Amino acid sequence: MALAVVVIARSRSLFTVIILGGAYSFLMATVLTVLDAVDVAMTEASVGAGISTVLLLSALYLCKKEEAAPHGRLWLPLAVSITTAGMLVYGTLGLPAFNDPAAPIHTHVVPRYLNDVMRETGVPNVVTAVLASYRGYDTMGETTVVFTAGVGVIALLRRRRRQKQDASA
Amino acid sequence: MRRDLVLRVIARTLIPFILLFALYVQFHGDFGPGGGFQAGVIIAAAIIFYALIQGVEATRKSVPEWLVETMVASGVLIYYGVGAVGPFLGGNFLDYFVLSHDTVHGQERGIFWVEVGVAVTVSGVMLMVFYMFASRAKDPE
Numbered sequence: 001m002a003l004a005v006v007v008i009a010r011s012r013s014l015f016t017v018i019i020l021g022g023a024y025s026f027l028m029a030t031v032l033t034v035l036d037a038v039d040v041a042m043t044e045a046s047v048g049a050g051i052s053t054v055l056l057l058s059a060l061y062l063c064k065k066e067e068a069a070p071h072g073r074l075w076l077p078l079a080v081s082i083t084t085a086g087m088l089v090y091g092t093l094g095l096p097a098f099n100d101p102a103a104p105i106h107t108h109v110v111p112r113y114l115n116d117v118m119r120e121t122g123v124p125n126v127v128t129a130v131l132a133s134y135r136g137y138d139t140m141g142e143t144t145v146v147f148t149a150g151v152g153v154i155a156l157l158r159r160r161r162r163q164k165q166d167a168s169a
Numbered sequence: 001m002r003r004d005l006v007l008r009v010i011a012r013t014l015i016p017f018i019l020l021f022a023l024y025v026q027f028h029g030d031f032g033p034g035g036g037f038q039a040g041v042i043i044a045a046a047i048i049f050y051a052l053i054q055g056v057e058a059t060r061k062s063v064p065e066w067l068v069e070t071m072v073a074s075g076v077l078i079y080y081g082v083g084a085v086g087p088f089l090g091g092n093f094l095d096y097f098v099l100s101h102d103t104v105h106g107q108e109r110g111i112f113w114v115e116v117g118v119a120v121t122v123s124g125v126m127l128m129v130f131y132m133f134a135s136r137a138k139d140p141e
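So the sequence lines, in the order shown, correspond to chains Y and G. In terms of our numbering, the first sequence has 28 at position 28, counting the first letter as 1, and numbering is strictly consecutive. In terms of our numbering, the second sequence has 83 at position 83, counting the first letter as 1, and numbering is strictly consecutive.
One should not assume that every hint holds.
Reference excerpt, derived from the structure (chain G facing chain Y, CB under 8 Å, subset only) [to be verified]: (1) G34; (2) G35; (3) G110; (4) V114; (5) E115; (6) V122; (7) M132.
Reference listing, derived: stretches of chain G covered by chain Y, where coverage requires no fewer than 3 residues with Cβ under 8 Å from a Cβ of chain Y [said to hold, decoys possible]: (8) 38-45; (9) 79-91.
If you're looking for bench data, these hints aren't it; they were derived computationally from the structure. In this text, all values refer to a predicted model and were calculated from it rather than measured experimentally. Note that CB positions come from ideal geometry on N, CA and C, so glycine has one too.
Taking the hints into account, I'd like the entire structure generated from these sequences.
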């Protein structure tokens with residue numbers, strides 16, 4: 001994965017970047033599987049490695065194949081990104097250890113989800129039960145967001161076609 | 001890619017299985033990993049795969065754009081509809097307990113229909129984005 005990142009950062013060919021991005025997503029999916037987050041891994045493999053690679057390729061078909069050469073000074077963006085990364089890493093130091101059973105995330109509502117899910121919903125996959133039942137409003141909002149994104153894409157890309165028809169008519 | 005025999009034969013063999021797997025992910029989401037979102041993406045991926053091999057025009061014929069557009073909106077409506085059934089049967093919005101005499105069974109039913117809504121919207125949006133990009137590619141700039 002580190003190799004993929006280095007090549008993505010160095011490469012000027014957008015095609016290479018997109019394919020390596022897909023490969024990176026797929027490796028990330030295997031990491032998530034190792035971490036027992038199979039639902040997330042499935043999403044990462046199908047969306048990250050599959051659909052978004054195809055969409056980026058079809059976008060690449062519409063534009064130049066090479067990245068434009070950078071102009072101006074690179075020190076300011078570099079400093080901003082290093083500072084942000086430093087602050088994020090500093091923030092993770094305050095989090096409880098990954099395998100700490102007393103971490104707040106394991107003591108708040110998770111025990112109820114894990115213990116009562118069969119009695120309350122009868123759905124053995126806790127992830128599905130939490131998504132669709134306990135957090136039904138969240139998922140409703142997410143579906144609406146996906147819907148809005150789709151409508152936005154339709155509005156942006158279709159209006160132009162109609163203008164062209166008007167122009168030719 | 002339409003002329004590549006190997007790709008075409010493999011695609012024709014694989015696509016039914018991809019769609020079947022999507023249905024498995026959808027309906028088995030209660031018991032194993034998966035659910036509406038993943039199933040929707042896999043359905044869209046299978047159709048995009050078909051479009052890559054057979055061309056966008058052939059895909060537009062079998063999966064027309066109006067159908068995809070309807071899917072985008074109807075998935076959200078299914079979700080909201082399941083939620084709206086609650087108040088009519090004496091519960092709160094998005095209460096699944098009222099959907100059946102047995103509360104657990106009602107939960108299962110509610111989750112099932114909500115996931116169907118998610119799958120329909122997600123696959124519709126993914127396909128719509130792909131169609132939009134593909135139609136732009138065809139236009140001479």
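Contradicted hints - numbers only: Of the numbered hints, all hold.
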